[in-house]
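Using the working numbering, read the sequence shown as starting at 279 and increasing by one per residue.
Don't read these hints as lab results, they were simulated from the structure.
Heads up, a few of these hints could be off.
Claimed, not checked - If you anchor each label on the Cβ, the simulated ranges turn out as follows:
| hint | residue 1 | residue 2 | range |
| --- | --- | --- | --- |
| 1 | W352 | E512 | 49 to 59 Å |
| 2 | R429 | R472 | 36 to 46 Å |
| 3 | R472 | Y529 | 37 to 47 Å |
| 4 | D307 | E512 | 18 to 28 Å |
| 5 | L444 | T518 | 56 to 66 Å |
| 6 | S539 | R299 | 30 to 40 Å |
| 7 | R472 | S346 | 29 to 39 Å |
| 8 | D307 | P479 | 52 to 62 Å |
| 9 | G520 | Q300 | 27 to 37 Å |
| 10 | T389 | D351 | 20 to 30 Å |
| 11 | E562 | R429 | 17 to 27 Å |
Unchecked claim - Computed list of lysine to any residue pairs in SDA-like fashion (alpha-carbon distance at most 25 Å, straight line):
| hint | residue 1 | residue 2 |
| --- | --- | --- |
| 12 | K516 | Q543 |
| 13 | K516 | T506 |
| 14 | K516 | Y529 |
| 15 | K516 | R472 |
| 16 | K516 | R545 |
| 17 | K516 | P501 |
| 18 | K516 | E446 |
| 19 | K516 | T503 |
| 20 | K516 | D471 |
| 21 | K516 | R455 |
| 22 | K516 | W377 |
| 23 | K516 | R526 |
| 24 | K516 | Q530 |
| 25 | K516 | A481 |
| 26 | K516 | P495 |
| 27 | K516 | D542 |
Note that CB positions come from ideal geometry on N, CA and C, so glycine has one too.
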Amino acid sequence: MASIGQIVEQTAGSEVLKRARQRAVLVPDCMVEARRIANTVIAGWHGRRKRGIGENFWQFRPYADGESFSRIDWRRSARDDHMYIRDREWEAAHTVWLWADMSPSMMYKSTLASVSKESRALVLMLALAEILARSGERIGCPGIMEPISARNAAERLATAIMHAPLTEGLPDTRMIRGASDIVLIGDFLDDADRVMERITPLARRGLRGHVLEVADPAEETFPYTGRTEFTDPETGEKLTSGRAETLRDDYQQAYLARRGSMSDQLRRMGWSFTHNRTDRLASEALVAVHMHLSGMPPAAVRSAG
């Protein structure tokens, strides 16, 4: 059968430089797309005050399921039949660390998608940087860029990515100090328990985390039929199936079980989980993650998704 997807083969030695240059060429286009998406998402939000840690009153809003009862303003709630939360205005810049997986598996793009997982991850990271920078937040990238507060933080992050060495796996977070947010963007195709072994210590250190899984539609639907050769982009191992369609049900069950397990574990420790397919709009995931970062109640985020 015709190929459904393709991936640039893993490079080694002097070819690493070639791979780095390929990524550097990709970043400027991703920055243009990121700014376009950020402008769309931020419409109606930019210029508004936002709730957070502070002393000044901002607004009353209806209580939503999942929020702490300690935040209810009982005096305001006594005026009618509804319960209300008293929000305060955010008064200090927050640090948000952004990271996108650039490992070989992210280079995959099937004929069902318009972009590779790598391209989508970069666009999402840079669009988040653009939105957060406009809000006055400090933006950093573990191992690549120390946190900065600047209107051009997204462009500076893009430049840093272009010159960063190729790495695989979750980032080194030892440079992160104090309470802050971290957004991890990748396909997270490793075993869920192995991924959580790396993430759990971050939560124990007080980091508020958000995991954004990027998936190609072929990875979810498994559209393969007939004799098909599968190649692991990380190890180069190959698997040949004479009738690939017979694997579909078991594959999809295992794939969704991995996602469900990781999602459940993340939410139990207070982190958020969002997934985005590369045949869907990047803005869908961007809105969800931005709402999590803004401290929206769980019901509001589910409604937006």
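Exercise. Regarding T389 and D351, is the given constraint of 20 to 30 Å on their beta-carbon distance met?
Worked result: About 54 Å separates the Cβ atoms of T389 and D351, which means 20 to 30 Å is violated.
Problem set entry | Given pair status - T503, K516, alpha carbons within 25 Å | 17 Å, holds
Problem set entry | Beta-carbon spacing of D307 to E512 - inside the hinted bounds 18 to 28 Å or not | 25 Å, holds
Problem set entry | Straight-line alpha-carbon gap K516 to P495, limit 25 Å | Given that 25 Å is the threshold and the Cα spacing comes to 21 Å, the pair holds.
Problem set entry | Holds or violated: K516 to R545, with C-alpha atoms at most 25 Å apart | Violated. K516 to R545 sits at ~34 Å, over the 25 Å cutoff.
Exercise. Within 25 Å, alpha carbon to alpha carbon, are K516 and Q543?
Worked result: 31 Å, violated
For this session: Below or equal to 25 Å on CA atoms is what counts here, so check K516 against R472.
Result: With Cα atoms ~22 Å apart, K516 and R472 stay inside 25 Å; holds.
Exercise. Quick one: are R472 and Y529 within 37 to 47 Å, going by C-beta?
Worked result: 19 Å, violated
Exercise. Is it true that the CA of K516 sits at most 25 Å from the CA of D471?
Worked result: Judged against 25 Å, a Cα distance of about 24 Å means the pair holds.
Problem set entry | Cβ separation of E562 and R429, checked against the hinted range 17 to 27 Å | 26 Å, holds
Exercise. Going straight from one Cα to the other, do K516 and D542 come out at no more than 25 Å?
Worked result: Violated, at about 31 Å.
For this session: Please test the hint of 27 to 37 Å on the beta carbon pair from G520 and Q300.
Result: Taking Cβ atoms as reference, G520 and Q300 lie about 34 Å apart, which means the hint holds.
Going down the numbered hints, you'll see the structure goes against 3, 5, 8, 10, 12, 16, 21, 22, 25, 27, while the others check out.
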